[in-house]
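Enquirer: Starting from the known structure of chain A, arrange chain B on it as the hints suggest.
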Amino acid sequence: MKRVPLTALGVAILGLASIAFAAGAPDAPLFEQPPPGTPNFTGKWAMPKRITHLLTTDGKEPPLNAAGRALYAKRQAALKAGERNIDPINRCLMHGTPRLLYAPYPFLILQTSRSVNFVHEVNHTFRIIYWDKTLPEDPDPDYLGYSIARLEGRTLIIDTIGLNDLTWLDYSGLPHGEKLKVQERYTLVGPTRIDGSVSITDPDYYTAPWTSNFTLQRQPGMALRENVCTDTHRM
Amino acid sequence: MSLMAGHRRGLLLAGACVVLVSGAAVAQEGAPTATPPTPEQLAARDKRNAEQSAEWNRNPAPQDPRDFSGVWWTRGYDRTFRPVTNPPLPPSESAKLLPLTAREAASRQHHLDMERAGTPIADAPTQCFPHGIPRLMASPYPIQFVYTPGLITILHEVAHNVRFIHMDGKPVPTDTPRTFLGYSVGHWEGNTLVIVTDHFNDRTQIDEESLSHGLKLKVTERFTKFTNKYGGVELRDLITIEDPDHYTRPWTAERTYPWRGDIRIAEYSCEENNRNAPVEGITVAK
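As they're listed, the protein sequences go chains A and B. Heads up: the first sequence at position 191 corresponds to 191 in my numbering, and the numbers run straight through without jumps. Every number in my numbering is 235 more than the matching position in the second sequence, counting from 1.
Same shape as in the complex, but just chain A (with noise of 0.2 Å):
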């Protein structure tokens, strides 16, 4: 067996310990991080290509079905019409998920054994999303509904349902009802880049379930800026 000179290996102790309380040190002491070996998604990030309008993947309208129709027309007219309100991210409410992921504005992903927890630069607005195994059978709806976690290979999936129709799928005033369910796909492609979709099944206002995908783009640092809503609208 090799033998480790007892002074080298004190002063890499004595090293460690002086990093380790060393004030503001880069490498304080973290916890509940991701296993090692798994992917982590733990950074700052944003769409390098703005979402206003969500296609299928092969580029298509989504499948609307009459009601769904009627209801995204008559929000197109309202817009057109300059009747902003007619958003509900205009009166401050949450963009809903999946909306607020095309916001256009960065947010983080912080991935921890615990939970991982998208906080979104827009409204400072956040999701905590643990790694449960199942979704509750009739949770109460709301704005950011109730979310599970699980990794495939390099793909992080979210399921989500428990949704309120207060919403928009999109900017562009997609419908969607309370029986919404989304399933989030997010695969590390390379250590800059997200390739993702977003899978809709909402038997209210769509005649079949449908995808749409979207590319997320490493941004620099952590830091997000103090983002309010109610304070920028001077509601």
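Not the full set, but computed from the structure, chain B residues with beta-carbon under 10 Å of chain A: (1) P297; (2) F364; (3) P365; (4) Y382; (5) G385; (6) H395; (7) F399; (8) L416; (9) R438; (10) R499; (11) E502; (12) E506.
With a cut-off of at most 35 Å between alpha-carbon atoms, the simulated DSBU-like pairs for lysine-lysine come out as follows: (13) B:K453 / B:K405; (14) B:K453 / A:K44; (15) B:K282 / B:K464; (16) A:K133 / A:K60; (17) A:K49 / A:K74; (18) A:K60 / A:K49; (19) B:K453 / B:K331; (20) A:K74 / A:K60; (21) B:K451 / A:K44; (22) B:K405 / A:K49; (23) A:K44 / A:K60; (24) B:K405 / A:K44.
Keep in mind the hints are simulated off the structure, nothing from the lab. Every residue gets a Cβ at the ideal spot worked out from N, C-alpha and C, and that includes glycine.
Expert: Okay, now just chain B, sitting in the frame of chain A:
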């Protein structure tokens, strides 16, 4: 939620220097009552605290003294910040220890008068703005600490406030704007997480009741984890407030946050029910 404080270590305030002393005292949240509790009341309180701690620990707190990851929730609600003393004083007494400048004394009286008149001055959270620091740390909603390299994030249920504690050892960027929650830099001193926050705007209050601050506000927090006599785990935040325009010297308040392994942070939309938007700075319920 119980209004009882399970366990509180006495604190001695000497100027800006806070000295921890041993010798635990069980005190009621806020003021000790004029009549001391009976032995039966104390026993019932002990029993409840022990049962609660067991319930909250079923999903246990992390072992490492520097690992605050997970959910914590302060007990009850105290809408004031007061200098910590040993022994604890009733609020009317500890309020006299606030080192107010003449300007702040007048401002505080104005806040109290306006509230008494039924026209309270609109506080930032009334308008769904971030609460400000230390105001946010008094809020009676759960919080979650999240650790990632170079950053500790505190996610607050109340009005989805988010605090970023920069742990990367870098100085505050020169172009840092003034904001509701300011800019926080953290470091470890032994098992204590020390957070210094400044770059505040002047649009938040120190506490809900009456205390104000200006642009010179600097807040130093010292977070330490401890186990109370019921086996419950708590975080203590010693909060030192400095603002020479409002306080003649730094002073230190305290909050504690029991570990809550039994709950998760819920969605909270302030904006959905924003009925108390102020008219010309005065809160008007609609």
